[in-house]
Amino acid sequence: MAKLPAKEEMLQYKYNVPATDWMNTPVDFKPGTFCYGAKSKNLQIVGLPNARDWSPSDADWKLPENWQEIILEGMAERLSKYRSFRLFMDVCVRCGACADKCHFYMGSGDPKNMPVLRAELLRSVYKRYFTTSGKLFGHLVGARDLTEDVLKEWWYYFFQCTECRRCSVFCPYGIDQAEITIMGRELLNLLGLNIEWIAGPVANCYIKGNHVGMEPQGIVSNVEFMCEDIETITGKVIKPSFNRKGAEILFVVPSGDLFAEPGIYTCMGYLMLFEQLGLDYTLSTYASEGGNFGFFTSNEMAKRLNAKIYAEAKRLGVKWILGGECGHMWRVINQYMETWHGPADFLEEPVSPITGTKFTNAKSTKMVHITEFTADLIYHNKIKLDPSRNDHLRVTFHDSCNPTRAMGLMEEPRYIIKHVCNHFYEMPEETIREKTLCCGSGSGLNAGENMELRLRGGFPRANAVKHVRDNHGVNVLANVCAVDRAALPSLMDYWVSGVDVMGVHELLGNALVMDGEIERTLDLRLQPLPGKGVDSDV
Amino acid sequence: MKIWSSLLAVVALALIAWWGVEVFHLTALFGVVLPYAAFTLLVVGIIIRVVRWGKSPIPFRITTTCGQQQSLPWIKQNKIENPSTTWGVIVRMALEILFFRSLLRNTKTERRGEKLAFGSTQWLWLGALVFHWSMLIIVIRHLRYVMDPVPVVVQSIEALDGFLQMGVPVLYLTDLFIVASLTYLFLRRVLIPQVRYISQAVDYFPLFLLLGIAGSGILMRYVFRVDIFSVKEFAMNLVAFTPQISSEIGAIFYIHLFLVCSLAVYFPWSKLMHAGGIFMSPTRNLANNSRIVRHINPWNYEVKTHSYAEYEDEFRDKMRKVGLPLEKE
Numbered sequence: 001m002a003k004l005p006a007k008e009e010m011l012q013y014k015y016n017v018p019a020t021d022w023m024n025t026p027v028d029f030k031p032g033t034f035c036y037g038a039k040s041k042n043l044q045i046v047g048l049p050n051a052r053d054w055s056p057s058d059a060d061w062k063l064p065e066n067w068q069e070i071i072l073e074g075m076a077e078r079l080s081k082y083r084s085f086r087l088f089m090d091v092c093v094r095c096g097a098c099a100d101k102c103h104f105y106m107g108s109g110d111p112k113n114m115p116v117l118r119a120e121l122l123r124s125v126y127k128r129y130f131t132t133s134g135k136l137f138g139h140l141v142g143a144r145d146l147t148e149d150v151l152k153e154w155w156y157y158f159f160q161c162t163e164c165r166r167c168s169v170f171c172p173y174g175i176d177q178a179e180i181t182i183m184g185r186e187l188l189n190l191l192g193l194n195i196e197w198i199a200g201p202v203a204n205c206y207i208k209g210n211h212v213g214m215e216p217q218g219i220v221s222n223v224e225f226m227c228e229d230i231e232t233i234t235g236k237v238i239k240p241s242f243n244r245k246g247a248e249i250l251f252v253v254p255s256g257d258l259f260a261e262p263g264i265y266t267c268m269g270y271l272m273l274f275e276q277l278g279l280d281y282t283l284s285t286y287a288s289e290g291g292n293f294g295f296f297t298s299n300e301m302a303k304r305l306n307a308k309i310y311a312e313a314k315r316l317g318v319k320w321i322l323g324g325e326c327g328h329m330w331r332v333i334n335q336y337m338e339t340w341h342g343p344a345d346f347l348e349e350p351v352s353p354i355t356g357t358k359f360t361n362a363k364s365t366k367m368v369h370i371t372e373f374t375a376d377l378i379y380h381n382k383i384k385l386d387p388s389r390n391d392h393l394r395v396t397f398h399d400s401c402n403p404t405r406a407m408g409l410m411e412e413p414r415y416i417i418k419h420v421c422n423h424f425y426e427m428p429e430e431t432i433r434e435k436t437l438c439c440g441s442g443s444g445l446n447a448g449e450n451m452e453l454r455l456r457g458g459f460p461r462a463n464a465v466k467h468v469r470d471n472h473g474v475n476v477l478a479n480v481c482a483v484d485r486a487a488l489p490s491l492m493d494y495w496v497s498g499v500d501v502m503g504v505h506e507l508l509g510n511a512l513v514m515d516g517e518i519e520r521t522l523d524l525r526l527q528p529l530p531g532k533g534v535d536s537d538v
Numbered sequence: 001m002k003i004w005s006s007l008l009a010v011v012a013l014a015l016i017a018w019w020g021v022e023v024f025h026l027t028a029l030f031g032v033v034l035p036y037a038a039f040t041l042l043v044v045g046i047i048i049r050v051v052r053w054g055k056s057p058i059p060f061r062i063t064t065t066c067g068q069q070q071s072l073p074w075i076k077q078n079k080i081e082n083p084s085t086t087w088g089v090i091v092r093m094a095l096e097i098l099f100f101r102s103l104l105r106n107t108k109t110e111r112r113g114e115k116l117a118f119g120s121t122q123w124l125w126l127g128a129l130v131f132h133w134s135m136l137i138i139v140i141r142h143l144r145y146v147m148d149p150v151p152v153v154v155q156s157i158e159a160l161d162g163f164l165q166m167g168v169p170v171l172y173l174t175d176l177f178i179v180a181s182l183t184y185l186f187l188r189r190v191l192i193p194q195v196r197y198i199s200q201a202v203d204y205f206p207l208f209l210l211l212g213i214a215g216s217g218i219l220m221r222y223v224f225r226v227d228i229f230s231v232k233e234f235a236m237n238l239v240a241f242t243p244q245i246s247s248e249i250g251a252i253f254y255i256h257l258f259l260v261c262s263l264a265v266y267f268p269w270s271k272l273m274h275a276g277g278i279f280m281s282p283t284r285n286l287a288n289n290s291r292i293v294r295h296i297n298p299w300n301y302e303v304k305t306h307s308y309a310e311y312e313d314e315f316r317d318k319m320r321k322v323g324l325p326l327e328k329e
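So the sequence lines, in the order shown, correspond to chains Y and A.
Just so you know, the numbering used here puts the end of the first sequence at 538, numbered straight through with nothing missing.
Just so you know, the numbering used here puts the end of the second sequence at 329, numbered straight through with nothing missing.
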């Protein structure tokens with residue numbers, strides 16, 4: 001693994017452009033900025049082509065003989081299947097409005113991370129093989145041949161895009177680099193050119209039901225551990241059910257919440273809330289993943305992994321589905337799931353059993369976001385909250401890319417935070433809501449070997465956090481995304497020390513007053529609550 | 001190189017028209033044949049492009065949401081930036097097409113030492129808006145040459161455009177605006193290093209071509225003063241499909257006309273088709289209602305999945321040990 005540069009060194013980049021034209025500037029595979037290549041066994045498990053062990057830093061990528069043909073046929077197929085792809089290849093005027101909107105460009109200064117140029121990597125090949133002007137005039141109209149160097153450049157830069165859609169917000173034609181990256185990665189996957197950090201979780205998820213590869217007994221014991229901690233904190237004994245037929249609600253979380261800190265604290269928050277409500281719900285060990293790394297591989301792979309959610313809801317005979325805090329999971333559920341696997345006519349229109357609220361905005365897909373569910377509870381005064389337990393926390397909220405720009409979930413989490421915390425501060429306007437800045441690790445890029453890239457991509461977000469830390473003493477970065485919870489702690493440690501990363505339902509779990517609970521002296525992390533109980537030395 | 005080749009191409013086009021008319025007296029070619037051919041190619045080209053886009057379906061509802069979704073009744077939805085109804089989409093698209101809403105959001109990222117700063121910058125938005133609106137008004141003004149009597153709408157737009165009442169003939173503001181905005185759009189491409197880096201010959205060429213058209217039009221109106229009645233007579237005959245060659249009109253008119261013809265031919269096969277594409281952009285023209293109404297993908301196909309039965313078969317013993325319910329004991 002590449003050694004991480006010091007902050008000063010990291011910040012030595014400038015927004016200059018190279019002297020040579022981008023088409024004649026070869027890609028430099030800088031250690032620390034790219035991921036390991038997908039292992040043969042993981043591609044084989046799901047039957048993806050050209051499975052072999054390979055390394056991106058090798059000269060020979062072990063491509064099949066007819067790789068150009070495969071790519072060009074793949075492009076033709078996708079141009080005929082996706083209007084977005086064909087249109088976005090055709091209509092860009094290179095106005096440059098997107099150029100400085102990408103967090104990877106902002107944090108690296110590499111011009112090929114300007115969304116317009118990243119798209120041009122693919123567009124130049126489209127022009128060469130699919131347009132008359134490109135066939136006739138070549139370079140003059142921005143067309144170029146598909147060579148192995150071009151392919152490697154695609155790989156390097158399509159795995160330096162987190163599909164966050166920020167550029168799409170600013171584009172006058174709504175050209176979405178995420179869509180172009182998705183197509184680029186689909187094409188690369190036709191040649192077995194995935195990254196291991198995506199291919200591994202995909203294989204895990206396919207067989208075991210979740211990205212992190214937990215087997216059923218592992219999930220049960222992890223949740224039992226969480227419940228033991230909840231008992232220590234609240235004195236309440238909780239026994240969540242798994243794979244239970246006839247439950248009213250199937251609850252699906254990103255597996256990160258079942259697996260490791262700090263996600264498990266968010267999960268404890270969910271469990272405590274449901275216990276307090278007496279909710280008739282069940283978790284599934286089979287559909288134990290809300291997230292979808294297949295989405296970072298190909299449409300087909302995404303669909304194959306996502307199938308488990310509806311299949312399990314049907315098998316268990318639940319009425320509707322509730323989903324946990326996760327980013328790209330909600331893009332997939334909002335924009336893809338029912339199109340793939342619907343109609344969801346075996347489920348009922350979701351109704352909160354506590355407030356009677358009909359979730360009309362989910363009446364067809366029948367899956368409700370946990371913050372929609374909880375915000376409704378708070379609005380109807382159905383839960384008792386003591387926000388003073390979070391008084392030592394000064395909180396800001398990071399809008400995750402996908403729930404924001406592919407769904408529009410902005411007020412729900414804020415409403416909850418404002419009711420469970422007394423100190424909430426927004427980051428600058430240009431860095432939140434639809435203009436939110438990515439954590440730098442989304443779309444399957446949260447590996448270890450590309451840490452420099454992640455820190456660069458996360459620099460703009462960290463910078464905005466630093467602003468509220470310095471001005472308001474913010475010490476908690478709240479979010480509704482499992483990748484955020486996994487990725488932001490290292491980002492904060494590097495750029496903005498002293499800021500913890502918490503899911504919204506962890507904050508809720510702290511503030512939630514449960515019937516018959518003992519006096520709270522510990523937070524969900526088993527740390528003493530300042531000003532509460534005898535252990536406090538304040 | 002990219003800039004010079006584009007400029008040369010436009011100069012060459014102008015020279016071709018000049019030579020053709022002045023030296024070779026090919027007025028029939030430049031005044032009749034080419035305009036008909038160019039207009040035909042423009043219409044056919046646009047149809048082909050739009051039909052080709054239309055033939056690719058929209059498999060998924062990939063709206064880019066730029067505001068609060070439709071959610072609980074007491075949470076205020078942003079019905080325009082995150083529409084869930086067709087009306088919302090219509091307003092969103094109208095703002096996008098008429099006022100370049102997304103471009104108006106533009107910010108400029110600057111790094112000062114350890115800090116990133118986001119300044120607001122609306123110059124590109126302003127330049128683009130001024131250019132496109134001027135272009136539209138100029139096109140509408142030109143309707144006076146092909147319509148008799150001149151519709152009141154066209155007359156009032158003319159009056160408005162020339163309200164300064166300066167000079168003879170009256171100075172049209174859009175003539176100033178279009179040259180200024182095109183010059184700005186060209187200069188920012190050359191002077192901003194990042195924009196220059198991403199620019200290609202096909203980005204400069206249309207700017208020069210449009211400048212050529214505007215320039216020749218302005219010369220014709222304010223400097224060479226072509227005989228406006230002959231022009232109208234010529235144009236009326238052209239649109240009535242009874243073309244008549246006029247020897248009264250100077251070469252500058254043919255240069256102007258030939259550059260317009262060049263633009264018409266170039267338009268459908270170039271990035272200028274963003275004018276049509278913007279209407280069809282799936283991130284903007286779809287309502288974000290895919291949880292309310294199921295969106296249908298016409299090529300949705302069955303995929304291989306890993307069923308619960310297969311899962312239970314593999315993990316049955318482990319599941320039994322921790323007391324998980326089983327389908328098959």
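It cannot be assumed that every hint is accurate.
[As the list claims (entries may be wrong)] In silico DSS-like cross-links for lysine-lysine, where the CA-CA straight-line distance does not exceed 25 Å:
{"id": "1", "chain 1": "A", "residue 1": "Lys271", "chain 2": "Y", "residue 2": "Lys112"}
{"id": "2", "chain 1": "A", "residue 1": "Lys304", "chain 2": "Y", "residue 2": "Lys14"}
{"id": "3", "chain 1": "Y", "residue 1": "Lys7", "chain 2": "A", "residue 2": "Lys304"}
{"id": "4", "chain 1": "A", "residue 1": "Lys79", "chain 2": "Y", "residue 2": "Lys363"}
{"id": "5", "chain 1": "Y", "residue 1": "Lys41", "chain 2": "Y", "residue 2": "Lys3"}
{"id": "6", "chain 1": "Y", "residue 1": "Lys112", "chain 2": "A", "residue 2": "Lys76"}
{"id": "7", "chain 1": "A", "residue 1": "Lys115", "chain 2": "Y", "residue 2": "Lys39"}
{"id": "8", "chain 1": "Y", "residue 1": "Lys236", "chain 2": "Y", "residue 2": "Lys14"}
{"id": "9", "chain 1": "Y", "residue 1": "Lys314", "chain 2": "A", "residue 2": "Lys304"}
{"id": "10", "chain 1": "Y", "residue 1": "Lys39", "chain 2": "Y", "residue 2": "Lys7"}
{"id": "11", "chain 1": "Y", "residue 1": "Lys358", "chain 2": "A", "residue 2": "Lys76"}
These are computed hints drawn from the structure, not numbers from a lab.
Every value quoted in this text rests on a predicted model; they were computed, and no experiment measured them.
Evaluated hints:
Restraint check for Lys271 (chain A) and Lys112 (chain Y): the C-alpha separation of about 21 Å stays at or below 25 Å, so the hint holds. With a C-alpha separation of about 48 Å, the suggested pairing of Lys304 (chain A) with Lys14 (chain Y) is violated against the 25 Å cut-off. Among the hinted pairs, Lys7 (chain Y) with Lys304 (chain A) is inconsistent with the structure: their alpha-carbon atoms are about 47 Å apart, more than 25 Å. For the hint pairing Lys79 (chain A) with Lys363 (chain Y), the CA-to-CA distance comes to about 19 Å; that is within 25 Å, so the pair holds.
Between Lys41 (chain Y) and Lys3 (chain Y) the alpha-carbon distance is near 28 Å, which puts this suggested pair outside the 25 Å criterion. A threshold of 25 Å between alpha carbons decides the hint, and for Lys112 (chain Y) with Lys76 (chain A) the separation of about 39 Å lies outside it, so the pair is violated. Between the alpha carbons of Lys115 (chain A) and Lys39 (chain Y) the distance comes to roughly 39 Å, so the proposed pair goes past 25 Å and is violated. Distance restraint check for Lys236 (chain Y) and Lys14 (chain Y): the Cα-Cα separation of roughly 55 Å exceeds the 25 Å cut-off, and the hinted pair is therefore not satisfied.
As the CA atoms of Lys314 (chain Y) and Lys304 (chain A) are separated by approximately 18 Å, the hinted pair is consistent with the 25 Å bound. At roughly 33 Å between alpha-carbon atoms, Lys39 (chain Y) and Lys7 (chain Y) are farther apart than 25 Å, so this suggested pair is violated. Distance hint between Lys358 (chain Y) and Lys76 (chain A) is fulfilled; the C-alpha atoms sit about 17 Å from each other, no more than 25 Å.
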